Amino acid sequence: MNFQHQIGRRLRALFGRKRFEVDLAAELRAHLEMQEAANRAAGMSADEARYAARRQFGHLDGIKETARDQRGWVWLEQTLRDVRHAGRMLRKNRGFTAAAVTSLALCIGANTTIFSMLYALVIRPLPFQKPGQLVEIYNSFPKVGMPKLASNLGQYLDFKKDAPAFAQLALWRLDDYTLGEDRGPSRISGAIATAEIFELLGVQPMSGRFFTPQNHVPGADKVVILTQSFWESHFQSDPGVIGRTLRLDGEPFEIIGIAPRVFEAFDARVRLIRPLSWPPGQQFRHTGYSPQLFGRIQPTAGIGAVQSQVAALEKQYYDGAPPETRDFFDRTGHLIRVDTVQAQRAEPVKTSLYLLQGGVLFVLLIGCVNVANLLLARSNARSGEFAMRMALGASRGAIARQLLVESALLTCLGAAGGLLLAGSGLSAANHFTAQLLPDALPFGLDRHVLGYTAIITAVLTLFVGLLPVLHLLGGNLSGPIQIQGRGTSAGRGTQAVGSALVVAQVAFALVLLTGAGLLIRSFANVLAVEPGFDPQQVIGARIAVPPNKEKSFPPRLEAALREIPGVEASLATATPFLLVPPYQVSMPLGAVDLREYALPSGMSLPSVFYCGATPSYLKTMHIPLREGRWFDESDMGKGRAVVVDENFAKRYFAGRSAVGQRLVLNGSPPQKDEDWLEIVGVVGNVRHNGVEDKSGQPFLYLPLTQMPFYGMMSVLIRTARPVSEMVPLLREKVAAIDPELPVYAAETLDGVISGSVSNRRGIMLLLVSFAGIALLLSAVGIYGMLAYDVSRRIREIGIRSAIGATRPQIAGLIVSQGLWKTLIGVVLGVAGAALLSRYLTSLLFEVKPIDPFVYVAVSLLLMTVAALASWLPARRAAKVDPVVALRAE
Amino acid sequence: MPKEDKTDLLQGTLDMLILKALQLEPMHGFGISVRIRQMSDEVLQVEQGSLYPALYRLEEQGWIKAEWGVSDNNRKAKYYALTAAGRRQLEAETVNWEKLTAAINLVLRTV
Chain A
0 MNFQHQIGRR LRALFGRKRF EVDLAAELRA HLEMQEAANR AAGMSADEAR
50 YAARRQFGHL DGIKETARDQ RGWVWLEQTL RDVRHAGRML RKNRGFTAAA
100 VTSLALCIGA NTTIFSMLYA LVIRPLPFQK PGQLVEIYNS FPKVGMPKLA
150 SNLGQYLDFK KDAPAFAQLA LWRLDDYTLG EDRGPSRISG AIATAEIFEL
200 LGVQPMSGRF FTPQNHVPGA DKVVILTQSF WESHFQSDPG VIGRTLRLDG
250 EPFEIIGIAP RVFEAFDARV RLIRPLSWPP GQQFRHTGYS PQLFGRIQPT
300 AGIGAVQSQV AALEKQYYDG APPETRDFFD RTGHLIRVDT VQAQRAEPVK
350 TSLYLLQGGV LFVLLIGCVN VANLLLARSN ARSGEFAMRM ALGASRGAIA
400 RQLLVESALL TCLGAAGGLL LAGSGLSAAN HFTAQLLPDA LPFGLDRHVL
450 GYTAIITAVL TLFVGLLPVL HLLGGNLSGP IQIQGRGTSA GRGTQAVGSA
500 LVVAQVAFAL VLLTGAGLLI RSFANVLAVE PGFDPQQVIG ARIAVPPNKE
550 KSFPPRLEAA LREIPGVEAS LATATPFLLV PPYQVSMPLG AVDLREYALP
600 SGMSLPSVFY CGATPSYLKT MHIPLREGRW FDESDMGKGR AVVVDENFAK
650 RYFAGRSAVG QRLVLNGSPP QKDEDWLEIV GVVGNVRHNG VEDKSGQPFL
700 YLPLTQMPFY GMMSVLIRTA RPVSEMVPLL REKVAAIDPE LPVYAAETLD
750 GVISGSVSNR RGIMLLLVSF AGIALLLSAV GIYGMLAYDV SRRIREIGIR
800 SAIGATRPQI AGLIVSQGLW KTLIGVVLGV AGAALLSRYL TSLLFEVKPI
850 DPFVYVAVSL LLMTVAALAS WLPARRAAKV DPVVALRAE
Chain B
0 MPKEDKTDLL QGTLDMLILK ALQLEPMHGF GISVRIRQMS DEVLQVEQGS
50 LYPALYRLEE QGWIKAEWGV SDNNRKAKYY ALTAAGRRQL EAETVNWEKL
100 TAAINLVLRT V
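Protein chains in written order, with numbering that gives the first Met the number 0: chain A, 0 to 888; chain B, 0 to 110.
In short, the hints are calculated from the structure, not lab data. Small disclaimer: the values here were computed from a predicted structure and weren't measured. Wrong hints could be hidden among the right ones.
What the hints assert, rightly or not - Each pair of labels, with its calculated beta carbon distance range: (1) B:A84 to A:A25: 20 to 30 Å; (2) B:A84 to A:K129: 42 to 52 Å; (3) A:A393 to B:G68: 19 to 29 Å; (4) A:L59 to B:M38: 32 to 42 Å; (5) B:N73 to A:A457: 54 to 64 Å; (6) B:N73 to A:M43: 46 to 56 Å; (7) A:G86 to B:K98: 46 to 56 Å; (8) B:L105 to A:A457: 53 to 63 Å; (9) A:R260 to B:A84: 52 to 62 Å; (10) A:A415 to B:K98: 54 to 64 Å; (11) A:A397 to B:K98: 39 to 49 Å; (12) A:L449 to B:K64: 34 to 44 Å; (13) B:M38 to A:W74: 30 to 40 Å.
Claimed, not checked - Under the rule of at most 20 Å between Cα atoms (straight-line distance), these lysine to aspartate or glutamate pairs were calculated in the EDC-like manner: (14) A:K618 to A:E567; (15) B:K75 to A:E32; (16) A:K63 to B:E66; (17) B:K75 to A:D22; (18) B:K75 to B:E24; (19) A:K129 to A:E198; (20) A:K63 to B:E46; (21) A:K63 to B:E59; (22) B:K64 to A:D22; (23) A:K221 to A:D248; (24) A:K649 to A:D592; (25) A:K129 to A:D266; (26) B:K75 to A:E20; (27) A:K17 to B:E59; (28) A:K63 to B:E58; (29) A:K349 to A:D266.
Beta carbons are placed, not taken as given, at the ideal position from N, Cα and C, and that holds for glycine.
One chain only, chain A, in its complex shape (with noise of 0.2 Å):
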């Protein structure tokens, strides 16, 4: 017959069963008259009759009851009938209830939340086809400690030229730019790239054309391509966009085509693509390391396969090299790479988010002990209620589906508990992230998560659902029902589970208060890091000069700003501690040669980080001067003075003086003596790279005429000025001098440095927050636990206080008991997290994975809050009066 019908009729018995009822009543008594009548018309008389047919009919009830087996799905309606009276039950205990289902969202809702964040960051699969096949080729530098710089130009052409073993390869460099227009300028993010980019993702134009390789040669390179956001929210999605002109720094573009939405997941950031374009006929040096190069390979060729090619490659290249770049390889020890883009992507958030996973994993864990170890103490608290169900017919397997129903019921609330704490938390992640990590946003319960909490509630559903089970199918309910929880120490089993339960739930919040309490020193020691400078008071901001401007730009803003009273301003190529998206600034590193300095050999070539700066710029920041002088005016005309730190001084020149010392800067020794740069001063140590820079690396500053600006330069303001005054001023100035740049990213520098430990703090903010959970869900495991205990024990404390026991050796008793469990847990944990920390070394900031400190702070924090736990059991039990305790059985 057909399935649907078939269907469609048991879901009718399953609901329509009042009308089934009436039907079958109606039907039987029918039946009952017929036979009457017929009898009645056999001779019998009215009451023999009827009698008669009763008599034939048999037993009606019976007869009910089994026509009502034959319809419908009989599990089910059982299912349901054990749903409504576990949803019964759940309503008596309200109190165990929200316990329970609060413990369980609370972690629910954390696992979802971490999860969706992991999922998105790390394991979900790029959007384009095959994300497989799509790698990053990028150079290594391991013995200068750079283990991954981009590529360039040279590379691109030669690996295209012949490594057959990509299908495409393209360039693609990050690139802001300033829009003009009529509302006044403003920055934004765009690409250059090479054409295959398109093909190699797999993207087709939402509308116009993508540039092609004709538009590789300067000249034809004058297209833009649109994202669809940016065409959306720019353009209003006006279809007749293509065509038209966009001016970028100045110059006009033509828009020829837009690119969908989805190109937007390779780099959320971007909202323009332009080409790139190079001289023709030309060989390219493998040096110089800016933009990204990336592949798609062949289906027939794997991962290593690719990684040969281009290593055979680039020894070709060095053979024919010229020395100093053979020498420049060797001592930085380059490698050529290749990674899938979806790993290399993964990298930077992979540990964090692993370690916050494993976090909310030891969360799940103790919860789940603790609605266990709840629901294990009703279960022997219901023993009663089981024995007599049992005695009164019910199957051994029909108790147990019930407490498995029940079960289910508290982990499914759980969830959708969970699932709307992990919806407020996503849009709060969401929110904070939004700069940080654009590509992957925003997160969101995808099915992939869902399915991802679906697994740990079924998971959950069967531990905790089936503990209390096997205590049942374990335990003896055939005995007399009179026995029941109250007066005996009813289960040494059970209690023990119970014990170690707790004794669990100990050791798993102890690792992760260690793990908290390490990434808080951690913490603690970045912020105690000197920056080398004194941010209070100061403002920077950023502001997008072209090339063509370098020159005539600066002088004129820093007469403006002298204009302004109480105010100290200076410029530079950079802001320090600027290291967080979007408007992030990479410091450049350089090669410097330094006249009277032998290099030894298989030593590292001496690199520096370097800037350009004013001479007002010392003043300003608070830096201090250690020997010589800093720029004055006339060296920004001449050019050839350098300052240089602490660093870079001992370093190089240990035990004398580093003024007065030549040197050159990316670039081959002058001939002529003038040409050197010399170091007139010394200043101290600034970390400009952040306080977490391990690197180590000298620091040299340059007259700010003498360095190229890259497109952007620095304002630094020292005032007692609220931001929200001086940035409006600041812009007013810059507009009255040219009205074509933009000023962005003003913010104090506290709030630069601030910013810049920003994924530090999130990250101990919810390890902490995950360890605060569990500290509290495990001292309420051991507060239930003894809670149970001495309701039990009640007639025994009774017994003991009556043969003269003291209150304070009850009550320490009591809490003896929950000391010894915490302290077994305690060792354990100490010996988990011992092993685990290690995973956590590479978050970790001057401190080591065994910290005693930390270790001893967490275990002394856990014991005390076991004790408070304790303490509250422990006095109830102390109160007991004997005479009542006595009585009460």
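Mind docking chain B on chain A? Use the hints.
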């Protein structure tokens, strides 16, 4: 307890008998039990305790369908009618039954 003049029904044959009883026209439960008795010359007696569960089972299988109607003496009664699937089932079961009885006869005769 063995009865002398009335035979207990073999498991599974009741379904066939009900379908057979309904072959000519729709009938209510009481009618079916009377018809089976008549068809078997008073040998086969259907217990109500088996009849109604069987009717619900057959309805569940989709072999018969039920409808409320009015009986000869103006009483409200539930009438059961064969469906097309029920008719096919009856044919199949009849064939099976004939094979089975033939086989049993064969066995009985040889012993």
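Going through the hints against the structure:
1. With their beta carbons about 26 Å apart, B:A84 and A:A25 fall inside the hinted range of 20 to 30 Å.
2. Between B:A84 and A:K129 the beta carbons are some 51 Å apart, a value that agrees with the proposed interval 42 to 52 Å.
3. Hint check: A:A393 to B:G68, Cβ distance near 42 Å, so the stated range 19 to 29 Å is violated.
4. Between A:L59 and B:M38 the Cβ separation comes to about 26 Å, which falls outside the hinted range of 32 to 42 Å.
5. Evaluation of the 54 to 64 Å hint for B:N73 and A:A457 yields a pass: the beta carbon distance comes to about 58 Å.
6. The beta-carbon spacing between B:N73 and A:M43, approximately 22 Å, falls outside the hinted interval of 46 to 56 Å.
7. The given range of 46 to 56 Å is respected by A:G86 and B:K98, whose C-beta atoms sit roughly 54 Å from each other.
8. Distance hint check for B:L105 and A:A457: the Cβ-Cβ separation is about 57 Å, which falls inside the suggested range of 53 to 63 Å.
9. Range check, A:R260 to B:A84: Cβ separation about 54 Å, and the 52 to 62 Å hint holds.
10. Between A:A415 and B:K98 the beta carbons are some 58 Å apart, a value that agrees with the proposed interval 54 to 64 Å.
11. Against the hinted window of 39 to 49 Å, the Cβ-Cβ separation of A:A397 and B:K98 comes to about 42 Å, which satisfies the hint.
12. The hint said 34 to 44 Å for the Cβ distance between A:L449 and B:K64, and at roughly 42 Å that hint holds.
13. Checking the proposed 30 to 40 Å range against B:M38 and A:W74 shows it holds: the Cβ atoms sit about 37 Å from each other.
14. A hinted pair counts as satisfied when its Cα atoms are at most 20 Å apart, and A:K618 with A:E567 qualifies at roughly 8 Å.
15. Distance restraint check for B:K75 and A:E32: the Cα-Cα separation of roughly 11 Å lies within the 20 Å cut-off, and the hinted pair is therefore satisfied.
16. Taking the CA atoms of A:K63 and B:E66, the gap is near 19 Å; set against the 20 Å cutoff, the hint holds.
17. Annotation: proposed proximity of B:K75 to A:D22 holds, straight-line Cα distance about 11 Å (limit 20 Å).
18. As the CA atoms of B:K75 and B:E24 are separated by approximately 17 Å, the hinted pair is consistent with the 20 Å bound.
19. The hinted pair formed by A:K129 and A:E198 meets the criterion: a straight-line CA distance of about 13 Å does not exceed 20 Å.
20. Proximity of A:K63 to B:E46 is assessed by CA-CA distance (about 13 Å); at most 20 Å being required, the pair is judged to hold.
21. Only pairs whose Cα atoms come within 20 Å are accepted, and A:K63 paired with B:E59 is accepted, the gap being roughly 16 Å.
22. For the suggested pair B:K64 and A:D22, the alpha carbons sit about 14 Å apart, so the restraint of at most 20 Å is met.
23. With a C-alpha separation of about 12 Å, the suggested pairing of A:K221 with A:D248 holds against the 20 Å cut-off.
24. Taken as a hint, the A:K649 and A:D592 pair is honoured in the structure, with Cα atoms around 16 Å apart against an allowance of 20 Å.
25. With a C-alpha separation of about 18 Å, the suggested pairing of A:K129 with A:D266 holds against the 20 Å cut-off.
26. Between B:K75 and A:E20 the CA atoms are separated by roughly 16 Å; this keeps the pair inside 20 Å, and the hint holds.
27. Between A:K17 and B:E59, the direct Cα distance comes to roughly 18 Å. Compliance with the 20 Å bound is thereby established for this hinted pair.
28. Taking the CA atoms of A:K63 and B:E58, the gap is near 16 Å; set against the 20 Å cutoff, the hint holds.
29. Distance restraint check for A:K349 and A:D266: the Cα-Cα separation of roughly 18 Å lies within the 20 Å cut-off, and the hinted pair is therefore satisfied.
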